[in-house]
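Student: Residue numbers (this note's numbering), protein chains in the order written: chain A, 1 to 285; chain B, 286 to 617.
FYI, nobody ran anything at the bench for these hints, they're computed from the structure.
Cβ coordinates follow ideal geometry from the N, Cα and C atoms, glycine included.
Hints are supplied without guarantee of correctness; some may be wrong.
[To be verified] Which residues of chain B face chain A? A partial, calculated answer using Cβ under 10 Å:
hint : residue
1    : Ile-332
2    : Val-350
3    : Tyr-395
4    : Ala-396
5    : Leu-403
6    : Leu-407
7    : Leu-411
8    : Leu-414
9    : Tyr-418
10   : Arg-450
11   : Cys-523
[To be verified] Here are a few chain B residues that sit away from chain A, every Cβ distance over 10 Å (derived from the structure):
hint : residue
12   : Ser-366
13   : Leu-435
14   : Leu-463
15   : Leu-473
16   : Tyr-482
17   : Glu-516
18   : Leu-521
19   : Glu-555
20   : Asn-581
21   : Ile-600
[Unchecked claim] Stretches of chain B that chain A covers, calculated by requiring three or more beta carbons in the stretch to come under 8 Å of a beta carbon on chain A:
hint : stretch
22   : 381-393
23   : 537-551
24   : 601-613
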Amino acid sequence: MRRSGFLFTALAFGYAFLYVPILLLIIYSFNESRLVTVWSGWSTRWYGELLQNDQMLSAAGLSLRIAAVTATFAVALGTIAGLTLARFGRFRGRTLFSGMITAPLVMPEVITGLSLLLLFVSMEQLIGWPGGRGATTITIAHITFATAYVAVIVQSRLVGLDESVEEAALDLGAKPAKVFFVITLPIISPALIAGWLLAFTLSLDDLVIASFVSGPGSSTLPMVIFSSVRLGVTPEVNALATVIIVIVTTGILTAGVIMSRHERRRQRDRQLAEGGADGEPARAT
Amino acid sequence: MSRKGFLPLGDRMTEGQMPMHLPATALLRWLQRLAYRLGIRGRGLVIAVPYLWLLLFFLVPFAIVLKISLSEALIARPPYSPLFEWVEGMYLEIRVNFGNYLFLLDDSLYAVAYLNSLKIALISTLLCLLIGYPMAYAIATADPAWRSSLLMLIILPFWTSFLIRVYAWIGILKQNGLLNNLLINLGLIEEPLAILYSDLAVYIGITYSYLPFMILPLYATLERLDRSLLEAAADLGCRPFKAFLTITLPLSLPGILAGSLLVFIPAVGEFVIPELLGGPDTLMIGKVLWNEFFTNRDWPVASAVAIALLLFLVIPIMAFQYLQGRQQEARR
Numbered sequence: 001m002r003r004s005g006f007l008f009t010a011l012a013f014g015y016a017f018l019y020v021p022i023l024l025l026i027i028y029s030f031n032e033s034r035l036v037t038v039w040s041g042w043s044t045r046w047y048g049e050l051l052q053n054d055q056m057l058s059a060a061g062l063s064l065r066i067a068a069v070t071a072t073f074a075v076a077l078g079t080i081a082g083l084t085l086a087r088f089g090r091f092r093g094r095t096l097f098s099g100m101i102t103a104p105l106v107m108p109e110v111i112t113g114l115s116l117l118l119l120f121v122s123m124e125q126l127i128g129w130p131g132g133r134g135a136t137t138i139t140i141a142h143i144t145f146a147t148a149y150v151a152v153i154v155q156s157r158l159v160g161l162d163e164s165v166e167e168a169a170l171d172l173g174a175k176p177a178k179v180f181f182v183i184t185l186p187i188i189s190p191a192l193i194a195g196w197l198l199a200f201t202l203s204l205d206d207l208v209i210a211s212f213v214s215g216p217g218s219s220t221l222p223m224v225i226f227s228s229v230r231l232g233v234t235p236e237v238n239a240l241a242t243v244i245i246v247i248v249t250t251g252i253l254t255a256g257v258i259m260s261r262h263e264r265r266r267q268r269d270r271q272l273a274e275g276g277a278d279g280e281p282a283r284a285t
Numbered sequence: 286m287s288r289k290g291f292l293p294l295g296d297r298m299t300e301g302q303m304p305m306h307l308p309a310t311a312l313l314r315w316l317q318r319l320a321y322r323l324g325i326r327g328r329g330l331v332i333a334v335p336y337l338w339l340l341l342f343f344l345v346p347f348a349i350v351l352k353i354s355l356s357e358a359l360i361a362r363p364p365y366s367p368l369f370e371w372v373e374g375m376y377l378e379i380r381v382n383f384g385n386y387l388f389l390l391d392d393s394l395y396a397v398a399y400l401n402s403l404k405i406a407l408i409s410t411l412l413c414l415l416i417g418y419p420m421a422y423a424i425a426t427a428d429p430a431w432r433s434s435l436l437m438l439i440i441l442p443f444w445t446s447f448l449i450r451v452y453a454w455i456g457i458l459k460q461n462g463l464l465n466n467l468l469i470n471l472g473l474i475e476e477p478l479a480i481l482y483s484d485l486a487v488y489i490g491i492t493y494s495y496l497p498f499m500i501l502p503l504y505a506t507l508e509r510l511d512r513s514l515l516e517a518a519a520d521l522g523c524r525p526f527k528a529f530l531t532i533t534l535p536l537s538l539p540g541i542l543a544g545s546l547l548v549f550i551p552a553v554g555e556f557v558i559p560e561l562l563g564g565p566d567t568l569m570i571g572k573v574l575w576n577e578f579f580t581n582r583d584w585p586v587a588s589a590v591a592i593a594l595l596l597f598l599v600i601p602i603m604a605f606q607y608l609q610g611r612q613q614e615a616r617r
């Protein structure tokens with residue numbers, strides 16, 4: 001019993017450590033005073049000012065557009081990469097390939113940012129593309145590191161999966177591409193949703209890489225937040241932070257609920273497939 | 286296996302797939318024809334797309350960083366000298382300049398920054414482990430009904446903006462911030478503590494931001510741990526604490542290593558946290574690289590700093606890849 005008391009305390013402390021700063025941030029976004037740390041009454045004044053801040057709004061628009069394109073491309077590339085690693089066995093250059101998937105997960109952002117910038121500059125010298133830097137170069141940079149995350153998610157989903165259904169379909173004469181679209185893709189769809197969301201938030205969140213590869217006139221939201229935070233804590237940033245936290249949390253929780261429901265249905269189907277007839281009521285939904 | 290049992294599974298899939306099935310196969314057929322004309326078999330084509338993308342945008346850039354680290358800074362666009370040059374269109378002249386690396390060795394600022402980064406990353410990793418291990422253990426041994434919710438609560442902060450979570454600590458740790466106000470009101474201290482803009486704030490920031498990265502791999506290994514081993518130990522009269530030290534801890538070592546590397550490697554090159562929470566004397570190499578690039582506009586020296594940092598990290602990164610590969614094998 002003493003042991004579980006210790007574990008409970010550790011857990012409570014850990015969650016408090018994770019959540020108290022975020023909660024304080026949210027509470028103080030409703031603070032009337034301009035001095036962020038002095039409480040002077042409830043107010044939604046800073047949310048109003050946020051709506052007036054054109055610079056932040058246009059930066060948010062740019063960031064959302066980049067994030068949506070990034071997530072879509074990263075899911076396409078990452079799915080292929082994850083599939084390759086999980087299902088294609090050995091092929092020439094596999095070690096290099098898996099290295100290029102895992103390294104971006106831990107690579108310090110300053111290195112990735114600098115190296116991509118130098119690549120873009122060299123490419124522009126050599127072939128004249130990309131002409132200048134901006135949203136396009138940021139998107140390419142984001143796709144590159146987000147692909148690695150998606151690939152890892154898809155790969156671990158596929159590795160934990162029974163291959164027999166796919167093999168059965170192949171044995172019955174289905175073409176590999178058909179097997180992929182009809183069998184593999186639906187099974188890994190929760191991983192694809194998770195991967196898309198992760199790529200989206202990673203892109204939305206990135207400051208360092210975007211700072212390196214962006215050009216004049218294309219400031220993303222984190223870049224604008226960063227430059228205003230450097231000048232000091234402002235209640236407007238608190239309000240913006242609250243908006244972001246609320247949107248992200250709702251999105252993630254919704255996706256989580258949908259995915260766990262999907263997972264439960266899949267488990268039930270499998271039980272039906274394995275166990276046989278006594279699972280009748282389960283099909284009612 | 287009964288045929289009847291298989292049917293519902295098949296039904297649901299075809300019915301769910303109909304709308305996206307048609308354009309997808311059309312596209313696929315087109316790609317197949319294209320590949321045949323180019324003489325690439327289906328599989329090779331599938332691998333080629335992400336492979337080429339990562340080669341071009343992940344691997345080639347490092348070669349360019351290496352190249353530019355060997356050039357000289359110029360006041361030009363781009364601000365560095367070419368490494369290869371055709372002399373009169375006949376000879377290829379290669380001008381290699383190790384000056385940037387010698388400069389890094391010469392100025393003690395860089396050595397101090399590298400060592401300080403390693404120190405800060407190491408201490409933060411240990412703090413993450415100290416806080417994360419009991420949490421991961423508690424979640425892994427919790428009631429299965431609760432487990433996914435508890436895990437969700439760990440992952441959730443990781444999804445919300447990193448920058449904003451670091452920013453939240455400024456308001457807390459400031460001279461007249463929430464923590465100091467609280468401690469003064471409680472009568473625990475007289476003078477406000479100067480935590481913000483110190484190394485301590487950087488430790489707190491890194492630990493806070495990277496904690497989920499530590500907990501998740503730890504949880505993954507602890508959850509798979511065979512409980513019957515602990516029961517056997519208990520039956521044979523082993524005390525719980527000793528059983529933990531001799532069974533649980535060694536078996537969770539892969540998780541400890543994976544989590545530690547996942548925290549340590551990015552923390553060494555961290556820029557945002559030392560910039561926002563650290564003081565002027567909190568030297569970290571990520572900050573040095575950033576200033577070299579954005580303030581001094583010395584691209585060759587910034588590249589040399591990046592290459593040197595990469596050399597520090599090659600071994601940890603390879604260790605991480607090895608662990609990652611082994612973990613995927615184990616799940617097979």
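Student: Against each hint, give a clear statement of whether it holds in the structure.
Tutor: Do the hints match the structure? See the list:
1. A hinted interface residue such as Ile-332 (chain B) counts as satisfied when its beta carbon comes closer than 10 Å to some beta carbon of chain A; here the least separation is about 5 Å, so the hint holds.
2. The beta carbon of Val-350 (chain B) is positioned within 10 Å of a beta carbon in chain A (closest approach about 5 Å), and the interface hint is therefore held.
3. Annotation: interface hint on Tyr-395 (chain B) violated; nearest CB of chain A at approximately 14 Å, more than 10 Å.
4. Annotation: Ala-396 (chain B) was flagged as interfacial toward chain A, and the flag is violated, the nearest CB pair being 18 Å apart, outside 10 Å.
5. Contact between Leu-403 (chain B) and chain A, as hinted, is not supported at the beta carbon level, the nearest pair being about 13 Å apart and thus beyond 10 Å.
6. Because the smallest distance between the Cβ of Leu-407 (chain B) and any Cβ of chain A comes to about 15 Å, over 10 Å, the interface hint for this residue is violated.
7. The beta carbon of Leu-411 (chain B) comes no nearer than 15 Å to any beta carbon in chain A, farther than 10 Å, and the hint placing it at the interface is violated.
8. Taking 10 Å as the C-beta contact cut-off toward chain A, the hint placing Leu-414 (chain B) at the interface is violated, the least distance being around 12 Å.
9. For Tyr-418 (chain B), the interface hint holds, since its Cβ comes within 10 Å of a Cβ in chain A; the closest pair sits about 9 Å apart.
10. Annotation: interface hint on Arg-450 (chain B) holds; nearest CB of chain A at approximately 7 Å, less than 10 Å.
11. Annotation: Cys-523 (chain B) was flagged as interfacial toward chain A, and the flag is violated, the nearest CB pair being 14 Å apart, outside 10 Å.
12. Remark: the non-interface label on Ser-366 (chain B) is consistent with the geometry, its nearest Cβ contact in chain A lying 13 Å away (cut-off 10 Å).
13. In this structure Leu-435 (chain B) is not separated from chain A by more than 10 Å, as the shortest Cβ-Cβ distance comes to only about 8 Å.
14. At roughly 6 Å from the closest C-beta of chain A, the C-beta of Leu-463 (chain B) falls inside 10 Å, breaking its exclusion from the interface.
15. A cut-off of 10 Å between C-beta atoms confirms that Leu-473 (chain B) is not in contact with chain A; the least separation is 18 Å.
16. Residue placement check: Tyr-482 (chain B) keeps its beta carbon more than 10 Å from all beta carbons of chain A (closest about 13 Å).
17. No beta-carbon of chain A comes within 10 Å of the beta-carbon of Glu-516 (chain B); the shortest separation is about 15 Å.
18. Remark: the non-interface label on Leu-521 (chain B) is consistent with the geometry, its nearest Cβ contact in chain A lying 19 Å away (cut-off 10 Å).
19. Its closest Cβ contact with chain A, about 7 Å, brings Glu-555 (chain B) to no more than 10 Å, contrary to its assignment away from the interface.
20. Annotated as non-interface, Asn-581 (chain B) keeps its C-beta farther than 10 Å from every C-beta of chain A; the closest such distance is 13 Å.
21. Consistency note on Ile-600 (chain B): stated as away from chain A, and its beta-carbon is indeed over 10 Å from all of that chain's, at 12 Å minimum.
22. Remark: the stretch 381-393 of chain B is not confirmed as covered by chain A, as 0 of its residues place a Cβ nearer than 8 Å to a Cβ of that chain, below the required three.
23. Residues of the stretch 537-551 of chain B lying with their CB closer than 8 Å to a CB of chain A number 4, which satisfies the three-residue condition for coverage.
24. A stretch counts as covered by a chain when three or more of its residues have a beta carbon under 8 Å from one of that chain; for the stretch 601-613 of chain B and chain A the count is 7, and the coverage holds.
Hint violations for this structure: numbers 3, 4, 5, 6, 7, 8, 11, 13, 14, 19 and 22, all remaining hints satisfied.
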